[in-house]
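Engineer: One-letter residues, chain by chain:
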Amino acid sequence: MPDSTPTARTVCAHVVLDLVAASAGEAIEQLAAGFAGIPGAPAARTLAAAVLEREAQASTFLGHAAALPHARLLGVNDLAVAFGRARRPIPWTRDADAVDLVFLGVVPAPQPRAHLEFMRRLARALTDAAAAAALRAAPDEPAVRAWLRDHLQMQ
Amino acid sequence: MKEPLRELSGDALHEMRRLRRVLLGLRVWSWLRPSDRQALLWLAFGAGLLGSLGTVAFRLAGHALQALFTGDHGDIVATFAALEWWQRLLIPTVGGVLAGIVLLFTRKLHGPKSTDYMEAVVVGDGHVPVRPSLLRSLSALFSISSGEAIGREGPLVQLSAVAASLLGRFRRMSPARLRLIVACGAAAGIASAYNSPLGGALFVAEIVLGSIAMETLGPLLISSVVAVLVNRTLFNDGPLYAIGTVAGPTFGSMPFYLLLGLCCGVGAHLWMRLLRLSSRTFKLTRLPLALRLPLGGAIVGALALWRPEAVGNGMSVIQHLLQAGHYTVPVLLTIAAVKILATNAAFGSGAVGGVFTPTLFVGAVVGALLAAAAALFPWLPALDPTGFTLAGMGGFLAAAANAPITAILIIFEMSLNHHIVLPLMVTTVVALFTARRLGGESIYRESLQSGGPSLFDGELGELKVAQFMRRDFLRIRPAARFSELAGLLLKSRRAHVVVTQDGSTLAGVVQLADVEPYLRDPYVAETVLAIDVAHENVPALDAAMSLPQALEVFARNREDTIPVVEGTGGEPRLVGVLDREDLYLAVSEVTRRSRARAV
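In order, the protein sequences belong to chains A and P.
For the record, in the first sequence the residue sitting at position 12 is 12 according to the working numbering, with numbers rising by one throughout.
For the record, in the second sequence the residue sitting at position 309 is 309 according to the working numbering, with numbers rising by one throughout.
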């Protein structure tokens with residue numbers, strides 16, 4: 001049986017405070033460009049394609065005006081996340097659900113638990129209205145990173 | 001953050017609480033949920049229960065039919081002793097006619113099959129044929145209840161194996177597991193027949209499966225225990241043979257037990273040759289089966305005119321030998337001669353039944369004879385007749401069936417006397433080694449080799465993964481919600497779900513171990529998909545791979561269950577899964593059989 005304990009760290013790859021996108025696809029392409037420094041991460045275009053492929057299977061809309069688009073990759077060791085905050089909501093699903101918080105994740109494929117753990121933390125943080133409001137009101141990148149560290153234990 | 005639900009609106013809150021309750025329920029179930037191997041024990045329990053009920057039905061039917069034939073359903077020897085001379089002659093003959101008719105009918109429907117000793121049920125790949133087994137048991141029922149000198153335990157074992165096989169087929173098990181469950185049924189049959197749980201499990205392990213590894217012995221023990229409990233509850237059975245006292249073992253008696261072992265080894269060899277000879281002799285008469293069986297019955301009946309001990313399987317005679325213990329050499333020789341003739345007449349004629357109790361009987365007489373003969377020489381120490389009778393039974397059985405552990409345990413459980421264990425071990429081991437020196441054939445060899453060739457008779461390199469895989473496994477769409485996945489895993493006692501695209505393309509495998517801690521999490525339940533938590537680069541076996549190739553794949557990987565695909569043309573199609581344990585069971589059985597063939 002493969003080892004199932006989550007050994008992956010969760011790292012913040014990139015933060016975009018004013019994400020401007022007309023569609024999920026555009027948002028994903030922009031955020032995918034932020035993974036250049038992550039060891040094992042593929043080129044932005046390849047990554048975006050993989051994320052869009054997953055998005056096509058089922059929307060990663062989480063509710064609370066947030067989405068967690070992601071791709072699962074074999075070569076990476078850490079769960080890396082690029083965060084984008086949009087001033088104008090981005091239409092995300094076919095049912096016209098819109099989001100203003102996008103977390104683009106690159107998940108190490110052999111560690112499904114890392115993904116589940118991140119998902120649990122994220123959903124809890126967003127369900128907490130005060131915490132969600134704090135993220136939306138964060139004035140600058142250090143403030144956002146501090147929020148991500150406090151609520152999602154991202155490094 | 002402790003209670004994030006309070007922020008939700010009424011409907012969503014309600015929905016989330018409902019989901020939480022469902023998931024909490026599932027989690028409780030996941031604590032109680034048995035593992036795959038434990039689930040096998042539950043099935044063994046079921047096999048033991050069904051199997052023993054089958055034997056109960058057969059026993060009751062036997063009693064009723066015997067009462068119909070003889071007017072009494074008690075001990076068959078005593079019943080016959082009370083009959084008029086013409087009745088003693090007529091009843092076994094009529095029984096033979098009926099048994100022959102049923103057997104003819106069976107052959108017409110299912111083709112000829114040599115009469116085998118039914119205690120050693122042919123497990124094969126676990127598909128015990130239902131109708132022929134029932135018909136042959138019916139034929140045995142006529143023979144046994146009309147006094148034929150044949151073991152009644154064979155059909156008991158056959159019937160309980162059939163019941164277990166049906167249970168396993170209903171559950172759609174892999175061949176390796178089905179085989180094990182049928183073996184559990186057989187063990188239940190032996191255990192019920194002799195009121196001997198350890199003996200039943202070991203008989204099947206040693207003789208039928210040829211392995212006393214814990215993986216197989218564990219389920220066998222469980223089903224034997226259940227079977228014995230059922231019988232004790234319904235019939236209030238004690239040990240099979242009530243015995244007087246057995247003298248404690250001493251150094252002085254050991255040389256005689258050793259000598260008894262030698263006699264048993266040689267005697268068992270001769271006994272097997274005699275049984276084969278009488279079978280050949282009856283065939284030489286070229287009589288049709290419908291006449292051969294009544295002829296066998298008539299011979300038994302004629303012998304019963306002289307001594308009623310001729311009828312039955314010999315159990316009650318053994319009981320007398322064990323209790324009375326003052327038979328003289330001439331009396332013992334007379335009883336032995338009558339009984340051996342009667343048994344050979346019954347077997348030779350082709351009556352369906354077992355050889356177990358008749359074999360025990362001959363061993364008992366050998367032991368009793370040795371003790372009685374020693375009493376003729378006053379300068380020899382006095383030998384305990386009961387101890388020698390029991391040790392003779394064990395030694396003879398060990399030598400004839402090539403099953404020493406079974407022999408020791410079953411004799412101990414039949415008598416429940418601990419003094420017998422030491423001398424029994426000496427006699428049994430010496431008898432076994434003596435029999436091996438003389439060729440070491442098992443009385444059950446032919447019956448174990450009869451029956452159609454099973455899957456497990458193939459050459460290892462030619463057997464394919466497709467023949468041993470499991471076709472029932474859990475599958476789920478990649479886009480299925482986590483809640484659906486969780487429900488599927490928890491309800492089914494399985495540790496894996498195969499993720500399939502379009503129903504048959506392998507997309508990955510979800511391991512229960514990965515997702516178990518999150519099963520109660522309502523956030524994860526609706527936002528994560530099956531494909532998000534699946535291992536996508538899993539190994540796959542090709543259905544056309546040979547078993548050694550499959551072993552290689554398992555050796556290179558840590559998975560305990562690997563999907564099997566059929567790769568015709570472009571897209572490989574998912575057709576089943578193979579469990580590591582099933583593969584090991586199959587490989588060990590196949591190699592064991594090919595070794596046995598080579599000997």
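FYI, nobody ran anything at the bench for these hints, they're computed from the structure.
Just so you know, these numbers come straight off a predicted model, no measurement behind them.
A virtual CB, placed ideally from N, CA and C, is assigned to each residue, including glycine.
Don't take every hint at face value.
Stated by the list, open to error - Residues from chain P shown here face chain A by an in silico Cβ test under 7 Å; the list is partial:
hint	residue
1	GLU462
2	ASP514
3	TYR523
Claimed, not checked - Covered stretches of chain A (chain P as the covering partner; in silico rule of three or more C-beta atoms under 8 Å from a C-beta of chain P):
hint	stretch
4	56-65
5	106-112
6	121-132
Stated by the list, open to error - Here are the in silico distance ranges between beta carbons for each label pair:
hint	chain 1	residue 1	chain 2	residue 2	range
7	P	THR591	A	ARG149	39 to 47 Å
8	P	TRP42	A	PRO142	36 to 44 Å
9	P	ALA39	A	GLU53	35 to 43 Å
10	A	ALA43	P	ARG556	25 to 33 Å
11	P	GLU552	A	ALA56	49 to 57 Å
12	P	PRO539	A	ALA56	37 to 45 Å
Engineer: Hint by hint, note whether the structure agrees.
Structural biologist: Now for the hints, and whether the structure bears them out:
For P/GLU462, the suggested interface contact is broken, since its CB lies about 30 Å from the closest CB of chain A, more than 7 Å. Using the Cβ-Cβ criterion of 7 Å, the hint placing P/ASP514 at the interface with chain A is satisfied: the shortest such distance is roughly 4 Å. Nearest Cβ of chain A to the Cβ of P/TYR523: about 3 Å, under the 7 Å cut. The hint holds. With 5 residues carrying a beta carbon less than 8 Å from a beta carbon of chain P, the stretch 56-65 of chain A meets the three-residue requirement, and the given coverage holds.
Counting residues of the stretch 106-112 of chain A whose CB lies closer than 8 Å to any CB of chain P gives 4, which reaches the minimum of 3, so the coverage claim holds. Here's how the stretch 121-132 of chain A fares: 6 of its residues keep a CB closer than 8 Å to some CB of chain P, so the rule of at least three is met and the hint holds. Restraint check, P/THR591 to A/ARG149: a C-beta distance of roughly 59 Å breaks the suggested window 39 to 47 Å. Between P/TRP42 and A/PRO142 the Cβ separation comes to about 59 Å, which falls outside the hinted range of 36 to 44 Å.
Distance hint check: the CB atoms of P/ALA39 and A/GLU53 are about 38 Å apart, consistent with the given range 35 to 43 Å. Judged by the Cβ atoms, the range 25 to 33 Å given for A/ALA43 and P/ARG556 holds: they are separated by roughly 31 Å. Take P/GLU552 and A/ALA56: their Cβ atoms lie about 37 Å apart, and the range 49 to 57 Å is violated. Judged by the Cβ atoms, the range 37 to 45 Å given for P/PRO539 and A/ALA56 is violated: they are separated by roughly 27 Å.
Against the hints set out earlier in the document, violations occur for numbers 1, 7, 8, 11, 12.
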